[in-house]
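Fit chain B to the given chain A structure using the hints.
Chains A and B are the protein sequences, given in the same order. Heads up: the first sequence at position 310 corresponds to 310 in this note's numbering, and the numbers run straight through without jumps. One gets this note's numbering by counting positions in the second sequence from 1 and adding 317 to each.
Calculated from the structure, these hints are not laboratory results. Just so it is clear, CB atoms sit at the ideal spot from N, CA and C, and this is done for glycine as well. It is possible that part of the hints are untrue.
[Stated by the list, open to error] Coverage of chain A stretches by chain B, computed from C-beta distances (three or more under 8 Å per stretch; other residues unrestricted): (1) 126–135; (2) 170–179; (3) 195–203; (4) 216–223; (5) 228–237.
2 protein chains.
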Amino acid sequence: MPGGSVPGLSMSSALIAIDWGTTTARAYRLDAGGRIAHMVSAPLGVQKVAAGGFPAALAMLLDDLQSDAAPMIACGMIGSRQGWIEVPYLQCPADAASIASALVPVPQTRLLIVPGLLCRDATGSPDVMRGEETQILGAFADAETRGRFRVVILPGTHSKWTVVGDSGIETFATFLTGELYAVLREHSILGRLAEPGEDRAALERGVRRSLASEASLSHDLFSARTLALTDELAPGAVGDYLSGLLLGAELAAGRRWLERQRVPGERVHLIGDPALCERYARAFAVAGIDATPGPPEAAARGLWRIARHAGLVGVVP
Amino acid sequence: MPGGSVPGLSMSSALIAIDWGTTTARAYRLDAGGRIAHMVSAPLGVQKVAAGGFPAALAMLLDDLQSDAAPMIACGMIGSRQGWIEVPYLQCPADAASIASALVPVPQTRLLIVPGLLCRDATGSPDVMRGEETQILGAFADAETRGRFRVVILPGTHSKWTVVGDSGIETFATFLTGELYAVLREHSILGRLAEPGEDRAALERGVRRSLASEASLSHDLFSARTLALTDELAPGAVGDYLSGLLLGAELAAGRRWLERQRVPGERVHLIGDPALCERYARAFAVAGIDATPGPPEAAARGLWRIARHAGLVGVVP
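With the rest of the complex left out, here is chain A (with noise of 0.2 Å):
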């Protein structure tokens, strides 16, 4: 584990790990007891690769890494459509050994992709996620989740809550709540309104609200405008309120989600930019739910984990 001494790993084993997502590509180089010796992050994600240009975005990144000939494996949506090679869904539920049975190699490379995950809600409908697992299995060892829940939430433009038990990660539910944030700001009335500035009681202010009003988010949005409107709210605080309404509407919709999966959600645990674990933490406090965050480099460890589940470095505990 980075960080930390793993007894009995072989030391000549090492690992690159790249946690490559949409808009960035964030590649760590791993010494043989998995501790980060090196990391380089570059504007190198999917959606700024053209079509083909994988293998020399790939090469940069190694070469700035100074890498040797140790084995690669990457997360996140380098396996989407739109990335390298698409690795098809892993069913939920899903652990580290089963999602390093799944590894899918990338062709006249030593890269491996981690498969992302697929789980199905009470109706049937499709939940997706790519990238997340990784993080959740880099914040938890086994010991930690055996015999017990645990809720791992990843804040972001597409917000995961996950459930993480005996069987790794049980199911999830997807929030559309950082999109909606940023597309209401640029595109909106909402945002037209709203003046550059933070304001804390704003936040918890549209988290109250969102919490008391039978979850009727596309009503509730309208009162950033009608309160601006009436001077109720100042514009610069627009749009701390329209971010609390927004994390107000996914923690009651996440909590009464939480209870039909029969799970307490009383404790929480955040993975993610910090300064967003932040925001979240605030508006769980709100609504008296104790939030953790996890620990940072979620995606090394995770994919150190997955590796040593692969085979690829030291032994399997």
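Frame of chain A, contents of chain B only:
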């Protein structure tokens, strides 16, 4: 009333009635019987006219209308902060008489502007409309809303659910449905997956999903992506499915809102663009709600009714 005869009305009266919105200005010359003698429509909406440009815009409309010295009345965004002059909102409940007594003249013109309405929900949070109040008044004569409640829905960028009763427009709630559809379709990952096409079954599928989902809109929206990814939704059906999700969410939330007002919601009236009303009626049919289309040219009818109450034309009935 347009299209009907009004006994006792002075035949010398006539009115210029303008429905002056965000993108379009629609001006009507009404004869002494309240019938539409002539109509012009121009892209001279509030957003299209520069500050100080309203006198010229009005002159252009009047010229096209071949108007005489008749009184003039306008409703809509022309009375907003971005319009010609800002007309304060009138508090709900409001009827034709109270609205008529709150008309605001534009200095140096013979134009009177109809105030928009403001209501507050149980938590004190405000909601607003400008223009819709006039369309609602145009849809029903006093006798039609006496001793009973009518639910009137005006689909659009900002869809309005209104309760009309003995006191006129009793209360209302806005849903951002049209704007959410536009920003998601044009600027989100959901829109990027959509291809042109119409699919009535997909619309109804989206409505059903939202009705069944415990109102988790930001989660349900993501299903437009996952169903497309797993080939369970054709690219040409994504747009109508997304529309159905948003309509279903509005319908479910609107129904809960009516329950809180203790107003029965099995039957509603729709006012607005015929194609959009037809789409709403299909969504309502999925929920077993009977949706009746309102009269055409409701704004002209409403302006006539307000003008009569204000003594601008004919006699107050």
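> Which hints, by number, does the structure contradict?
Replying inline: 3
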